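Note that the protein sequences, when read in sequence, are chains G and Z. Position 35 of the first sequence, counted from 1, bears residue number 35 in the numbering used here, the numbering being contiguous throughout. Position 244 of the second sequence, counted from 1, bears residue number 244 in the numbering used here, the numbering being contiguous throughout.
If you're looking for bench data, these hints aren't it; they were derived computationally from the structure. Any given hint could turn out to be false.
Here are the simulated lysine-lysine pairs, PhoX-like style, with alpha carbons at most 25 Å apart [as the list claims (entries may be wrong)]:
hint, chain 1, residue 1, chain 2, residue 2
1, Z, Lys168, G, Lys89
2, Z, Lys175, G, Lys61
3, G, Lys39, Z, Lys168
4, G, Lys61, Z, Lys221
5, G, Lys41, Z, Lys129
6, Z, Lys129, G, Lys61
Reference listing, derived: stretches of chain Z covered by chain G, where coverage requires no fewer than 3 residues with Cβ under 8 Å from a Cβ of chain G [stated by the list, open to error]:
hint, stretch
7, 62-70
8, 122-131
9, 165-171
10, 197-203
Note that the structure is predicted; figures quoted are calculated from it, not measured. Beta carbons: idealized from backbone N, C-alpha and C, even for Gly.
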Amino acid sequence: MTASGTLRRVIPECVLALLLFAMVSGSAFAEGLMPHPPKGKGEHCVASTDVMRRNHMDLMKHQRDETVHEGVRGKPFGLAGCVGCHAVKGADGQPVSHGDSRHFCRSCHDYAAVSIDCFQCHASRPDEKVKGAEGSRSGLSGLAAFFQKERP
Amino acid sequence: MSVKATDESRRTFLRSAAGMAATLLAPGVTLYAMGDAAAAETAPASAKVRWGLLIDAARCKDGCSACIDACSAAFGWKDTGHPETDPQWVRKVSAKNPETGAGFSVPVMCQHCANAPCVDVCPTGASFKRADGIVLVDRHICIGCRYCMMACPYKARSFVHEPVENPKPDAPRGKGTVEGCTLCVHRIDAGGIPHCVEACQAAGGAMLFGDLGDPSSEIAKRIATYRTTRIREDLRCNTGIYYANI
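Produce the entire structure from the sequences given, and follow the hints as far as they go.
The following block contains the structure:
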């Protein structure tokens with residue numbers, strides 16, 4: 001067997017090994033950069049993680065208008081629910097405000113470079129009486145209707 | 001005078017979901033709702049209701065500020081020594097007859113007009129009237145132009161000039177928007193009464209809250225029985241705040 005023949009056989013293996021290394025180290029690198037939003041209380045959020053990641057802003061805005069203008073309260077997608085359930089405690093044992101980079105909302109918004117205007121007016125820390133996720137069957141059907149409207 | 005108006009359409013209805021409810025919208029999209037704590041969802045505001053107040057000047061003590069203190073504590077607005085720019089949701093107004101010396105002192109807040117001038121002039125629709133007569137500012141769409149402040153005959157609205165530190169979850173407030181008395185809409189929606197009325201019941205019992213649209217309510221009966229006055233009735237704003245003995 002000639003030297004060039006050996007080389008020809010080895011090169012694809014080397015390329016494969018390099019590719020594998022790049023994939024592994026690349027994903028590890030990306031993992032380090034990805035945001036890790038703190039988990040909330042309880043087993044589930046008001047909707048699955050994929051839905052919340054993609055649609056939380058629309059869900060909250062939709063419910064916001066219903067609440068402010070029509071007076072419908074207690075639906076599941078209120079900002080106070082997010083803030084209450086996903087509160088992160090600081091060194092003093094008190095929940096951190098949105099001024100702290102550990103705040104639940106900031107963990108992703110900093111990563112995505114999307115500024116949050118909510119906390120210019122709204123509380124970023126939960127009240128003593130934490131409302132948490134105020135889900136209900138009716139809220140669920142409302143969400144289903146919302147999704148069916150948005151995504152036919 | 002401890003009367004709490006109840007209204008069928010505004011009463012919160014509880015819908016308890018047994019355990020966890022899950023809905024499958026589409027493959028891979030599952031929605032969850034926590035049903036363990038009976039969650040209360042309130043019905044939308046009804047046009048059959050007209051929330052209002054009756055304030056009796058004869059029972060409102062000169063120098064008492066229980067209603068103002070309760071409102072200030074609940075919503076976080078306060079006197080910082082800059083009366084030109086400090087927000088004021090409610091204030092005590094005193095009047096005296098110079099000839100006789102007799103006078104009275106009553107709280108004046110947003111009068112929750114049926115024909116609200118602030119709603120008429122708002123260029124964005126932020127100043128609006130709910131179906132049940134409560135006049136509010138949607139601060140999500142308020143641009144801070146202050147036309148409503150100029151239009152209001154009762155000087156009931158305030159502009160927030162300074163950043164608000166640590167707003168309360170029930171009372172979002174922010175710099176650059178106009179605000180005013182909400183009649184504690186979050187409490188009313190949950191079946192409660194405004195903070196000022198609650199504080200007044202303990203202090204003097206001069207304030208009565210209820211549904212003006214329901215003839216069987218205490219407030220409607222009193223207004224139908226006794227002579228009451230609304231401030232600047234000549235403007236035909238049809239306010240929801242009635243005063244007795246002024």
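Tested hints:
For the suggested pair Lys168 of chain Z and Lys89 of chain G, the alpha carbons sit about 18 Å apart, so the restraint of at most 25 Å is met. With a CA separation close to 20 Å, the supplied pair Lys175 of chain Z and Lys61 of chain G stays within the 25 Å bound. Restraint check for Lys39 of chain G and Lys168 of chain Z: satisfied, since their Cα atoms lie roughly 23 Å apart, inside the 25 Å limit. Among the hinted pairs, Lys61 of chain G with Lys221 of chain Z is inconsistent with the structure: their alpha-carbon atoms are about 40 Å apart, more than 25 Å.
Taking the CA atoms of Lys41 of chain G and Lys129 of chain Z, the gap is about 37 Å. The hint is violated against a cut of 25 Å. Distance restraint check for Lys129 of chain Z and Lys61 of chain G: the Cα-Cα separation of roughly 20 Å lies within the 25 Å cut-off, and the hinted pair is therefore satisfied. Look at the stretch 62-70 of chain Z against chain G: 0 of its residues bring a Cβ nearer than 8 Å to a Cβ of that chain, fewer than three, so the hint is violated. Under the rule that three or more residues need a Cβ within less than 8 Å of chain G, the assignment of the stretch 122-131 of chain Z holds, with 3 such residues.
Three residues within the 8 Å Cβ limit are the bar, and the stretch 165-171 of chain Z against chain G gives 5, so the coverage statement holds. Residue count for the stretch 197-203 of chain Z with a Cβ under 8 Å from a Cβ of chain G: 0. That is fewer than the three needed, and the coverage hint is violated.
Hints 4, 5, 7, 10 from the earlier list are contradicted by this structure; the remaining hints agree with it.
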